[in-house]
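J.: Just need the whole structure built from these sequences, with the hints factored in.
Chains as they are written, first to last, in full-length UniProt numbering: chain A, 1 to 338; chain B, 1 to 338; chain C, 1 to 338; chain D, 1 to 338.
Simulated from the structure, these hints should not be mistaken for lab results.
Here are the simulated BS3-like cross-link-like pairs (lysine-lysine), alpha carbons at most 27 Å apart as the crow flies:
(1) Lys327(D) to Lys34(C)
(2) Lys34(A) to Lys327(B)
(3) Lys34(D) to Lys327(C)
(4) Lys34(B) to Lys327(A)
Which stretches of chain B does chain C cover? Using the computed rule of at least three CB atoms under 8 Å from a CB of chain C, they are:
(5) 127 to 141
(6) 144 to 156
(7) 164 to 178
(8) 190 to 204
(9) 238 to 247
(10) 261 to 269
(11) 304 to 318
Between beta-carbon pairs, the in silico distance windows are:
(12) Ile158(D) to Gly163(A): 22 to 28 Å
(13) Ala55(A) to Glu273(D): 56 to 62 Å
(14) Glu273(B) to Pro269(A): 37 to 43 Å
(15) Glu145(D) to Ala109(B): 46 to 52 Å
(16) Ile158(D) to Ala138(A): 36 to 42 Å
(17) Ser165(A) to Gly22(D): 30 to 36 Å
(18) Leu71(A) to Gly111(C): 37 to 43 Å
(19) Pro168(A) to Ile158(D): 20 to 26 Å
For each residue, glycine too, the CB sits at the ideal point set by N, CA and C.
There are 4 protein chains.
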Amino acid sequence: MQLGMVGLGRMGANLVRRLIQGGHECVVYDVNPKAIEALEAEGATGARTLAEFAAALRPPRTAWIMVPAGLTGQTVDDLATHFAGDDVIIDGGNSYYRDDIHRARDLAAAGIHYVDVGTSGGVFGLERGFCLMIGGEAEVVGRLEPLFETIAPGIGSIPRTPGRSGEPAQAEKGYLHCGPNGAGHFVKMVHNGIEYGMMAAFAEGLAVLDKANIGREAAEHNAETAPLGDPEYYQYDLDTAAIAEVWRRGSVVSSWLLDLTATALHEDPALAEFGGRVSDSGEGRWTVLAAVEEGVPAHVLTASLYERFSSRGEGLFADKLLSAMRKQFGGHAEQHKA
Amino acid sequence: MQLGMVGLGRMGANLVRRLIQGGHECVVYDVNPKAIEALEAEGATGARTLAEFAAALRPPRTAWIMVPAGLTGQTVDDLATHFAGDDVIIDGGNSYYRDDIHRARDLAAAGIHYVDVGTSGGVFGLERGFCLMIGGEAEVVGRLEPLFETIAPGIGSIPRTPGRSGEPAQAEKGYLHCGPNGAGHFVKMVHNGIEYGMMAAFAEGLAVLDKANIGREAAEHNAETAPLGDPEYYQYDLDTAAIAEVWRRGSVVSSWLLDLTATALHEDPALAEFGGRVSDSGEGRWTVLAAVEEGVPAHVLTASLYERFSSRGEGLFADKLLSAMRKQFGGHAEQHKA
Amino acid sequence: MQLGMVGLGRMGANLVRRLIQGGHECVVYDVNPKAIEALEAEGATGARTLAEFAAALRPPRTAWIMVPAGLTGQTVDDLATHFAGDDVIIDGGNSYYRDDIHRARDLAAAGIHYVDVGTSGGVFGLERGFCLMIGGEAEVVGRLEPLFETIAPGIGSIPRTPGRSGEPAQAEKGYLHCGPNGAGHFVKMVHNGIEYGMMAAFAEGLAVLDKANIGREAAEHNAETAPLGDPEYYQYDLDTAAIAEVWRRGSVVSSWLLDLTATALHEDPALAEFGGRVSDSGEGRWTVLAAVEEGVPAHVLTASLYERFSSRGEGLFADKLLSAMRKQFGGHAEQHKA
Amino acid sequence: MQLGMVGLGRMGANLVRRLIQGGHECVVYDVNPKAIEALEAEGATGARTLAEFAAALRPPRTAWIMVPAGLTGQTVDDLATHFAGDDVIIDGGNSYYRDDIHRARDLAAAGIHYVDVGTSGGVFGLERGFCLMIGGEAEVVGRLEPLFETIAPGIGSIPRTPGRSGEPAQAEKGYLHCGPNGAGHFVKMVHNGIEYGMMAAFAEGLAVLDKANIGREAAEHNAETAPLGDPEYYQYDLDTAAIAEVWRRGSVVSSWLLDLTATALHEDPALAEFGGRVSDSGEGRWTVLAAVEEGVPAHVLTASLYERFSSRGEGLFADKLLSAMRKQFGGHAEQHKA
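T.: Below is the structure:
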């Protein structure tokens, strides 16, 4: 099939590469001409403007937009001026699913179809394939299946889920039509929410291991710090890199995130490269908003989001106020780091 | 009654003052002679050694120990060498209730009675009276009631709880025999756990108010930070000091901690004096340990404790690991503060 | 001053009573004629339709709407059809502050002013006065001050915050103009968020006390339940009603919510009347949404909201899934209550 | 090598099977004769008493104890009466690491060595191999390596961590000597703590997906329940089984726990078999205790533990108290399920 790609960053470029490798024909556009040239060298057809891009696509056209979330809306609008009835615009970025609902409604007035695709796979997607969570009209999504099948990992070497047999289901091939518009990004949003929670579970647990030798440190003795009750129980100098490694085989927590953790700790157990300011890019927040609106308790997903806020110093006002209250009722002066 | 006080820090000294004002006779001891002299000037009998202290008390002796938690054990042991059967040692500090159980058992072998008293009131206790939570043998606690009655606030001007009438119950006078040894500090421990949770509720809520004008700030646009969906809804420059003040009258959150918050914010709404490193002095931790061992969910009390840990940078390893994972799977470089 | 009240439920009726007692003139309307009659008997002027209501008010009119949150929008719209330029509509209910922004904008087109008032005080407001958090144009809010001053508690017997002197500030009288439209309900929203957190702190802490005798229970011995490590430390039969009572005097956690807790536990320490399904009426959710959008960590406020969700069984799907996973990896059968 | 196994439940029996398959010689004992017979049929040497068991082992003996945590202490003590200097007792169960420290110290007096082994792998361990986390003296652990190598999964088909090359490290073969006594169970404890957190992340996220159609339900309208702001955004009927399946290939959350989740949801998306009472078997609690004592914030691990407590109704007293407070201040009657 023919597909146009708008946005040739790491993700967009790798999608194009997988499609070309899979025998599809790609028209590519980016604001950065160098990004276009790179893919032309790999067999893609470059377009220097959106008009040229639209002209290079055969109706009914299919365009995949892969730009930062803040630019998606404008890009969809711009592209729509060059598209016509029965053309399809796919948003493969990290959009808020509510925006999908609005965009699909707006484009429908012009007969243009909209498909939202949550895309997971990170820097490894080119090789492993990307996991695709898709929202849109069933007929349109069906029409695009050859593209999704190429981008996704396929059933591969991963053992089938017990009870599944015969012709692999769509989900087993690594892509899924989840529902109407917004459903793709809704599922991707929660996917990332879960990812935050899993990451935090590893981070917290390894932090407990990292500090397991606290009993060897000289105890501080003052009225402001709780002394460690039993120092003898915290005398372990643990090798967190080796521990992450050993869990990779046979343990209940084995996972891709554990593999990455093992890699990071093997590179540098002190993680000296990092300052500990952890970004959040939207999906974690939106997952919490959904949990709150649905009335579903989500302690873990929310705590993992808030830990990221705290890592960036966003808890400072509250912490100052706590110190202020302590001074008021107990005359406690704030302790400073030794 | 006659009482000996060991430890003449702010709390110990104020207890002595309330007792003297209430007509009791106080023998006082401290490692710091100046602290002794100060109270001698106010009518107490000073002792320069524990032996002298014990000799100045008439059997059956009653001594109240008010020293930092880390020194209580040694002080009890030292005092016991000078005490005899039927004497009473009261620990009024912030001991772990389990230590009370052990100490009471040890002292019982020598016929010495032990009473644990959780004492709340902070720097205002001299004026308001101290709230006392007491553990120990009923007969012994009963013998000491005149002391507790003087130290506690009394029924005062606080309206009686609906349904209570007649002779005020012990609890209405501001002290309570909670149960056998350890019960006093167990109740005090949970009291402080609740205090942590209430403080955090105010701190978090006021932080949300403090940042209610975030919609006016220039939005950052990058793939690592979630943009604010609707800046128009966050355009409020709120006066947190005035808000804390208005809640003091008629609102559901009116409380002593709110009074203190209003004071702190009135002094300086920017809380510039504070760095935001919040101490924890044991009871919050012990409350969480008890919740876990009892199998009682205590999300709020625990989160308020962990926020204090985070305020002191104890989440750093975990945060670095999160950044490291993000780099591994998505090639995300850590963002630095603008 | 003259004020019209729409909605004569408990809150609306009590506001009218306070206003009448304060010498103001009240026109009242409700869909329930009996509610009108009751207040007519106390000196209010009843109106049987909104048209009659509007006609009974002298321009520039002032109407206070006190209806359930779900009905406020329609009521504002209906009333606006009878109102004219420079009239004022006050929403004193529990509206979402974003709705205030929209409503104020819509009414401004017709020259009608809108004021949002967050009102705290519950069933005790008639006697104690209501704490008022106000959003709207400064000139309009200023015009209404005589009403707010009457409804609010006034400076009363509550000690002034140290450092405050001279003529009492607005906040000290129990009402506060917080900012432009929405600011009143924004502050009230966070007030309730804090209230959730404080309530949860008390509830969790008292639950830890309530279960302090778990060491006396026969331990269950199976691979699915963690045995209690040290039963000797959990042997306390604590009187939670007395403990709540003793904290009311002199302790750091003294507060109105503690007073109410003491009342409830004195009535019935077993709380047998309650099933433990805890409602949430919006403000707690909105506070969490604001915290997430502002990027402010709010572990405690959020956990207290989620505990309410869980209390209503909203965690069931997740819990079933946890049991299902445990069965998959460990062959663990779910344990049933003894 | 020769190994004796005490405790032939699922885990113990499977360990024996892997050892026999690996060419080791096994002596087996259990209180249940049938369990002994079953393994005799597979090549093990059965012993009917601990004395017989000890006699069948050649000095220096090696025994692996695999019994429920509550019975381990007694079993170690009993076995020790039959063992002599330089013999080794391995505890492969889910013991608290502090007990390891005490047991090792006690056994050392008799010259007996103690090794603690945290064992992960569940019902799949026989086939996949068990992940082993080991604590003890280096010389003794070294002596036992042939056994650990057989029980563990080995380097297998799992890709090596980037940067690792040459002879596989111990951790890459699926077992790790973590440190002195207790270190094995300490690491296993935190492993399970992480497992709780990961499980909760999946459970909460899938619960948010499961309820994504809440906007289609008739809204309740009353003052006690927050109405859903935008029902149009919650209109998705999602297939959670297919979603879990699609994430298994190429997504960031791919993991063994996800595989199990996909299996469970494929078997029955309604999870009707389960009541949602989730057990906890100690390690999650101990992980939280360690986090608290180390002063490391562990919001996620703790919340996942508390969710299990709540699932078993342990939050009921707190929830009743919340309802009681709401009734006190607002006259709110508790809502009952429709």
